[in-house]
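J.: Residues per chain are reported as follows:
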Amino acid sequence: MQLEQLYQEIILDHYKKPRGRGLREPYEAQVRHVNPTCGDEVDLRVHLVDGTVADVSYEGMGCSISQASASVLHELMVGRTVTDALSRVDRFTEMISSRGEVVPDEAVLDDGIAFVGVAKYPARVKCALLSWMAFKDATVQALAAEGGAA
Amino acid sequence: MTATTLHEGMPDYGSDVPPLDVERIRADFPILSREVNGRRLVYLDSANTSQKPRQVIEAMREHFELHNANVARSVHTLGTESTAAYEGAREKVARFINAPSASEVVFTKNATEAINLVAYAFLGASLDKSADPRFRLGPGDEIVITEMEHHSNIVPWQLLCERTGATLRWFGITDNGRLDESTLDDLINPRTKLVSMVLVSNILGTANATSRIHDRIREVGALFMLDASQAVPHRPVDVVGYDADFVAFTGHKMLGPTGIGVLWGRGELLAAMPPFLGGGSMIETVTMERSTFASPPARFEAGTPPIAEAVGLGAAVDYLTAVGMESIMWHEKALTAYALQELRAVPGLRIFGPQVPVGRGGTISFDLAGVHPHDVGQVLDAEGVQVRVGHHCARPTCMRFGVPATTRVSLYLYNTTEEVDVLVKALDRVRGVFG
Numbered sequence: 001m002q003l004e005q006l007y008q009e010i011i012l013d014h015y016k017k018p019r020g021r022g023l024r025e026p027y028e029a030q031v032r033h034v035n036p037t038c039g040d041e042v043d044l045r046v047h048l049v050d051g052t053v054a055d056v057s058y059e060g061m062g063c064s065i066s067q068a069s070a071s072v073l074h075e076l077m078v079g080r081t082v083t084d085a086l087s088r089v090d091r092f093t094e095m096i097s098s099r100g101e102v103v104p105d106e107a108v109l110d111d112g113i114a115f116v117g118v119a120k121y122p123a124r125v126k127c128a129l130l131s132w133m134a135f136k137d138a139t140v141q142a143l144a145a146e147g148g149a150a
Numbered sequence: 001m002t003a004t005t006l007h008e009g010m011p012d013y014g015s016d017v018p019p020l021d022v023e024r025i026r027a028d029f030p031i032l033s034r035e036v037n038g039r040r041l042v043y044l045d046s047a048n049t050s051q052k053p054r055q056v057i058e059a060m061r062e063h064f065e066l067h068n069a070n071v072a073r074s075v076h077t078l079g080t081e082s083t084a085a086y087e088g089a090r091e092k093v094a095r096f097i098n099a100p101s102a103s104e105v106v107f108t109k110n111a112t113e114a115i116n117l118v119a120y121a122f123l124g125a126s127l128d129k130s131a132d133p134r135f136r137l138g139p140g141d142e143i144v145i146t147e148m149e150h151h152s153n154i155v156p157w158q159l160l161c162e163r164t165g166a167t168l169r170w171f172g173i174t175d176n177g178r179l180d181e182s183t184l185d186d187l188i189n190p191r192t193k194l195v196s197m198v199l200v201s202n203i204l205g206t207a208n209a210t211s212r213i214h215d216r217i218r219e220v221g222a223l224f225m226l227d228a229s230q231a232v233p234h235r236p237v238d239v240v241g242y243d244a245d246f247v248a249f250t251g252h253k254m255l256g257p258t259g260i261g262v263l264w265g266r267g268e269l270l271a272a273m274p275p276f277l278g279g280g281s282m283i284e285t286v287t288m289e290r291s292t293f294a295s296p297p298a299r300f301e302a303g304t305p306p307i308a309e310a311v312g313l314g315a316a317v318d319y320l321t322a323v324g325m326e327s328i329m330w331h332e333k334a335l336t337a338y339a340l341q342e343l344r345a346v347p348g349l350r351i352f353g354p355q356v357p358v359g360r361g362g363t364i365s366f367d368l369a370g371v372h373p374h375d376v377g378q379v380l381d382a383e384g385v386q387v388r389v390g391h392h393c394a395r396p397t398c399m400r401f402g403v404p405a406t407t408r409v410s411l412y413l414y415n416t417t418e419e420v421d422v423l424v425k426a427l428d429r430v431r432g433v434f435g
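In order, the protein sequences belong to chains A and B.
Numbering (the numbering used here) for the first sequence: 1 to 150.
Numbering (the numbering used here) for the second sequence: 1 to 435.
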């Protein structure tokens, strides 16, 4: 496995120029997810409007894989319906946990396909998944809060 | 190996300390000849776990092939041989750390369990009014640790203090990565029941001086525990010389196998401690009403112990003794001096901990500006260089220096200056990828 397949240009670009970084108002749920083995952290907020992801804002520290993956997540999810967004989280999780067996679909994951190389590095899978799991968690919490308020 | 000169005025190899024949030593470690990602393996992660020489691997294989049986309960020949091997290993370890008696050496699972054993002795005693008062804790009592501890010498004491109402207090760290002793007389006071501190830091490499702390501990009548996990593998450690009460270390960092650690304790204190785990081998007699307990060390070794692991650890001790701990220490000192000098020359590299090869071991943590340690470790791995990245189970130390993680290089008897050169060159590639 060549190192270049792991650190693709797309990943390095998102790492150096993260999209949508910073915590913003308004939001319905905020979560903090940590990777206890390496100390990586992400604080992530989700803002939902009429069943659509209006914003994903985040702040965190960690390696290039974890930070770039949060940026890709932001770009991919904003503007999508919650159902669509959560199904894309599942597809990303499936790809990244497949040890390289699943060929990713660019139409579904956009820049997320760049992380296919990570699937071959088990130690880095958790880095790539950190913000995606945080997004799923926050979205479920936001939906629950919405349901509770209705 | 390239000759290395130490800083002027520094102590040099004593004339009575034979230099290491590193190539001969390397030939004893089969793993060192393998490749990683198409490159020659450069193993710089011995503070995490050390590699094992053929002699240790062979001793364990021979035990399984010829002598395997349970210990301390069999009348048959194999049982007798296994028991002799297990107790023989205890005697080897005792001699290695200059313990007055082999019965003061308790085999545990690892250093973590050794520290927990002492913490649970305090907890058990605190629940028993008739227990030895030196182990009884309550509100107002204090335990002192340091900010440079491994989590294994933090969490057991946090739990103990939460459960007994005692207070946990901490020595700080100076900017140079040394223990801050300026508050010594306040930190260690008549309320102090125990001071537990690391001898050599697993993240900063700092080798702590203990004499002032020891004297204050004796003045106030507290107990003194040393986490020597990163010391015993690398330098001569004499438990009598340190005048400690408890010393914990682990087998797998000193060329031995995983699954075995050591608690050395002063015999008189071990005898005053309640049991840790209950079960077979640790009892004197058991009735349906109550049990009475064996004398140490058996009291603290419930169940079938790590027998083959003890044999392996014994072989590791033999190996280290044959090479000579003084020689290993000086080899690492020279190598550390070289590594510090070469790493300091890498642009953007910041070393945490002592910058000079004095009062430190061969563990060097650093930050490379703008690159997360995970990414550093990944690129180094592509070059065959194995280092540890993360918080090294010493998160308070990382917080002290304001970083979530570091890259850590740790050196041992089988490492060479050429390997340091490979590391430094690989760091150039890291900067290339992320520059």
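Since the hints were made in silico from the structure, they are not lab data.
Just so you know, not all the hints are guaranteed correct.
[Unchecked claim] Just a few of them, taken from the derived set where beta-carbon distance is under 7 Å, the chain A residues facing chain B:
(1) Ile10
(2) Leu23
(3) Tyr27
(4) Cys38
(5) Cys63
(6) Ser64
[As the list claims (entries may be wrong)] With beta-carbon atoms standing in for the labels, derived distance ranges:
(7) B/Arg95 - A/Val140: 57 to 67 Å
(8) B/Arg73 - A/Glu94: 47 to 57 Å
(9) A/Arg19 - B/Gly241: 56 to 66 Å
For every residue, glycine included, the Cβ atom is placed at its ideal position computed from N, Cα and C.
J.: How about A/Cys38: closest beta carbon in chain B under 7 Å, or not?
T.: 4 Å, holds
J.: State, for the Cβ atoms of B/Arg73 and A/Glu94, whether the hinted interval 47 to 57 Å holds or is violated.
T.: Given range 47 to 57 Å: holds, Cβ gap about 52 Å.
J.: Against chain B, run the beta carbon of A/Ser64 and see if the smallest gap drops under 7 Å.
T.: At 5 Å from the nearest chain B Cβ, A/Ser64 passes the 7 Å test, so the hint holds.
J.: Let's test the interface hint: is any C-beta of chain B closer than 7 Å to that of A/Ile10?
T.: This interface hint is violated because 14 Å lies over the 7 Å limit.
J.: Has the hinted range 57 to 67 Å been met by the Cβ atoms of B/Arg95 and A/Val140?
T.: Holds, at about 60 Å.
J.: Is the hinted range of 56 to 66 Å satisfied by the C-beta distance from A/Arg19 to B/Gly241?
T.: 60 Å, holds
J.: Checking hints one by one. Is A/Tyr27 an interface residue toward chain B, by the C-beta closer than 7 Å rule?
T.: At about 24 Å, which exceeds the 7 Å cut-off, the nearest Cβ of chain B leaves the hint on A/Tyr27 violated.
J.: Is the shortest C-beta separation between A/Leu23 and chain B less than 7 Å?
T.: At about 18 Å, which exceeds the 7 Å cut-off, the nearest Cβ of chain B leaves the hint on A/Leu23 violated.
J.: Next item in the hint list is A/Cys63. Is there a CB on chain B closer than 7 Å to its CB?
T.: 3 Å, holds
The structure does not agree with the numbered hints 1, 2 and 3 stated previously, though it agrees with the rest.
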